[in-house]
Amino acid sequence: MAKRILVTALLAAGALTGLTGLAHADFDYGKFPGYTLKVKLIGGTQYEHLYTRIPEWEKLTGAKVDIVSSKNYFDLDKEIKQDIASGQITYCLASNHTSFAPQYGDMYIDMKPLIPADELAKYVPGTLAASEIDGKLVQLPRVTDISNIYYRKSLYADKANQAAYKAKFGKDLAPPETYDDLKNQIIFFAKPPNLYGTAFAGKDEGATGRFMEILRANGGDMFDKNWKPTFNSPEGVAALQWFKDIYDAKAVPAGTVNYGWDEIGQAMAAGQLAVDLDWPGFAGFYSDPTKSKIADDLGFAEAPVGTSGHHGGWSGSHSFSVTSACDNKPAAVSLAVFLTNDDSEMMEAQAGNMPTRSAVFDKVVKWFKANKKPALAAMYPIWEKSLDEARTPPLIPQWIEVSNVVWPQLQAAIVGQTDPKTALDKAAADATQIMQDAGLLKQ
Amino acid sequence: MNFLRSPRAIPYLLLLPAILVILAVILLPLLVSLWSSLTPYVLTRPASLYQFVGFRNYERLWGNSDFWWAFLRTLVFVTVALNLEMVLGLGLAMLVNQITWGQRTIRTIMMFPMMFSPILVGFLFKYLLNDSIGFVNNALYSLGLITDPVPWLVDGTLANLSIIAAEVWMSTSVFAILLLAGLMAIPAEPLEAARVDGCNGWQVFRHVTLPFLMPFIYIAMTIRSLDVARAYDMIRIMTNGGPAGRTEMLWTLIARVGYQNSQMGSANAMGYVSILLSIIFTFYFYRKLADARAFMGGAQ
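In order, the protein sequences belong to chains A and S. Heads up, the first sequence is in our numbering, so the first residue is 1 and it goes up one at a time. Heads up, the second sequence is in our numbering, so the first residue is 1001 and it goes up one at a time.
One chain only, chain A, in its complex shape (with noise of 0.2 Å):
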């Protein structure tokens, strides 16, 4: 895998190099001759992409890379839990997710200190903030995720369409502004077993992250200040309800309960959904004629905003982080730096990620104008704007083991298997146990 990585890798840097050449002027990214660097990244053609940038920082440092290990993110994360295990931590640099980050304890440094404040002063704030643990900044974040509403233009523009909601809801059909908005379009746009109204991620922390940005948008939220779980709220059953509600009225695929992002992705390019609250990274294969059924009928809006007047706002990012255990932090920390510069940032976002770094935005819009994509040239402005309310998930080692007391609860009452409020307080239950295990909350 690495082998194929650098051979890709070297095929690509002459296509490259007209993208480098002011980013490396204000930080300075050291010489390191002869020395190997070794690397765990994650693996996947979406993120591969960037790697082909690696030769060049080879060649500007005079150090090599070793890619030890490529894989996905659930396998690289059940890897580094073993190397820590084990002891083994032989590598410098590793991605990693605002996620799944608090989990690896002291295994990361703070990179704080070996980076300089203007060239940090660079990344998106809050982004660069959430990659913090403690204080700490372990993480230097390479592409933002939020969500936000997809629609098809078509069905709000539709005369007959326009007509009826106003009759039943009294209000315009516009892109939903509230979560009961969204619940209403969802349902009404419903015609299955053509048409959905939407499809949400039915499992595993997928499941939770959605509940939680509604319970937060709702003006509730996982835990308290001392780490009790308080999503049992009212505001968490009202969350929990606006799941059951559209499942119910079968404005939803009934498999959705089942459903990743992949399937969500794959319904809403198929024309089989009518909005889709999700992730910037399937712009580009929605509005991708040759993959999609909805490249020309495309709309983009912020997430709906919930009872408290907030959006919700979840929010993670995909990092690079230096290892403790590294004998070269320096030669790390640059390549790190290197992989999210301008000119990195810059090749994420045209390939439709969320960059992290401030001037990339406008820049990439311009670059989608130019480039005749319309579509994406939209879009960011709206993601972009929707990063003022950006919030991760609460920044602790338990979140995930609390994610799986919590998902299948979710599950148990959007199929009707318990009522909203029986089930949310057994998972509080189950959360409130791990964390008094965890010793952050005293028995």
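Calculated directly from the structure, the hints in this document are not laboratory data. Just so we're clear, the structure is a prediction, and the values are computed from it rather than from any experiment. Heads up, some of the hints might be wrong.
[Claimed, not checked] Beyond 12 Å from chain A on every Cβ pair, some chain S residues (computed):
#1 LEU1014
#2 ALA1194
#3 GLY1242
[Unchecked claim] Some but not every residue of chain A turned toward chain S, in silico, with C-beta under 10 Å:
#4 PHE74
#5 GLY105
#6 MET107
#7 ALA157
#8 ASP158
#9 ALA160
#10 ALA163
#11 PRO192
#12 GLY219
#13 ASN258
#14 GLN409
#15 VAL415
#16 THR418
#17 LEU440
#18 LEU441
All C-beta atoms in this analysis are idealised placements derived from N, C-alpha and C, irrespective of residue type, glycine included.
Position chain S against the provided structure of chain A, taking the given hints into account.
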């Protein structure tokens, strides 16, 4: 010391390397995992491996209804899947055994599902059975057999049946191949003698073929009962134990607790309790195997 130099020691000395290897690769990990089940071992906090908490993990398991439901579901899953695979595999083997031309090709084709990784089988069935874009629902809808999509992987009964179907599809041929080997090893004389004595087809099968095949069946059952564990990857992809734990098996639960939650101590305790299941199946099949062999010995 004298014993080591005596001729009696030679067999033991010759076996010593094998014994050492077995101890290193089997006994040692077993002991470490047994020890870790008595600790609150968290993967990301290696120090927790040395904190003894007695039987706390086991006590918690005792009151953990999710675990016992998964235990029961796994028991039912293994029983149903094994029996179905056995019956279908036997039928398939009998049919293939009748073929006189192209049998080798058929045997090779029969092995195709075995060559798929369980993860691929999981994805295959997940997309076939997807309620909105899946092939099965689309076919049923186009034929006018359904008006509403069937939630194959959501409904408790249907989801478990779907997983069993995927498992049976993937592994029936293992039975078929093993039983075909058994059928080919049956001597012709007893079969001819039975026919000469006036037995009909069913009687020949029931009183001659089947007793000959029983040792093969039990060996296949024993191997497969341990091997059905491979269905983990498949279930992980198809439903990940959901929705609402309706398809949760021991393996999906243990993997989630051990790797995603990093609670390896707790996961190992679950592993040790689940070993009971494997022991019960293995013990039962070996006893049956011994009986079947004794019967064959008598019959001959």
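Hints, one by one, checked against the model:
Here LEU1014 (chain S) stays apart from chain A, with its beta-carbon at least about 34 Å from theirs, past the 12 Å limit. Separation of ALA1194 (chain S) from chain A is adequate, the least Cβ-Cβ distance of about 52 Å exceeding the 12 Å criterion. A Cβ of chain A approaches the Cβ of GLY1242 (chain S) within 12 Å, the least distance being about 5 Å, so the stated non-interface status is violated. The interface hint given for PHE74 (chain A) holds, since its Cβ lies 8 Å from the closest Cβ of chain S, which is under the 10 Å cut-off.
A least Cβ separation of about 6 Å between GLY105 (chain A) and chain S falls short of the 10 Å threshold, and the interface hint therefore holds. Interface restraint check: MET107 (chain A) against chain S, minimum CB-CB distance 8 Å, threshold 10 Å, status holds. Given hint, ALA157 (chain A) at the interface with chain S, is violated; its Cβ is 24 Å from that chain's nearest Cβ, farther than 10 Å. Restraint check, ASP158 (chain A) versus chain S: the minimum CB separation of about 22 Å is more than 10 Å; hint violated.
The criterion of a C-beta within 10 Å of any C-beta in chain S is not met by ALA160 (chain A), whose closest approach is roughly 24 Å, and the hint is violated. Checking ALA163 (chain A) against chain S by beta carbon gives a least distance of about 28 Å; that is not within 10 Å, so the hint is violated. Given hint, PRO192 (chain A) at the interface with chain S, holds; its Cβ is 7 Å from that chain's nearest Cβ, closer than 10 Å. With a least beta-carbon distance of about 27 Å to chain S, the hint placing GLY219 (chain A) at the interface is violated under the 10 Å criterion.
With a least beta-carbon distance of about 5 Å to chain S, the hint placing ASN258 (chain A) at the interface is held under the 10 Å criterion. Using the Cβ-Cβ criterion of 10 Å, the hint placing GLN409 (chain A) at the interface with chain S is satisfied: the shortest such distance is roughly 8 Å. At its closest, the beta carbon of VAL415 (chain A) sits 6 Å from a beta carbon of chain S; the interface hint therefore holds under the 10 Å criterion. Annotation: interface hint on THR418 (chain A) holds; nearest CB of chain S at approximately 8 Å, less than 10 Å.
Interface hint at LEU440 (chain A): violated, since its Cβ lies 13 Å from the closest Cβ of chain S, which is beyond the 10 Å cut-off. A distance limit of 10 Å between C-beta atoms decides the matter here; for LEU441 (chain A) the minimum to chain S is near 16 Å, and the interface restraint is violated.
The earlier numbered hints that this structure contradicts are 3, 7, 8, 9, 10, 12, 17, 18.
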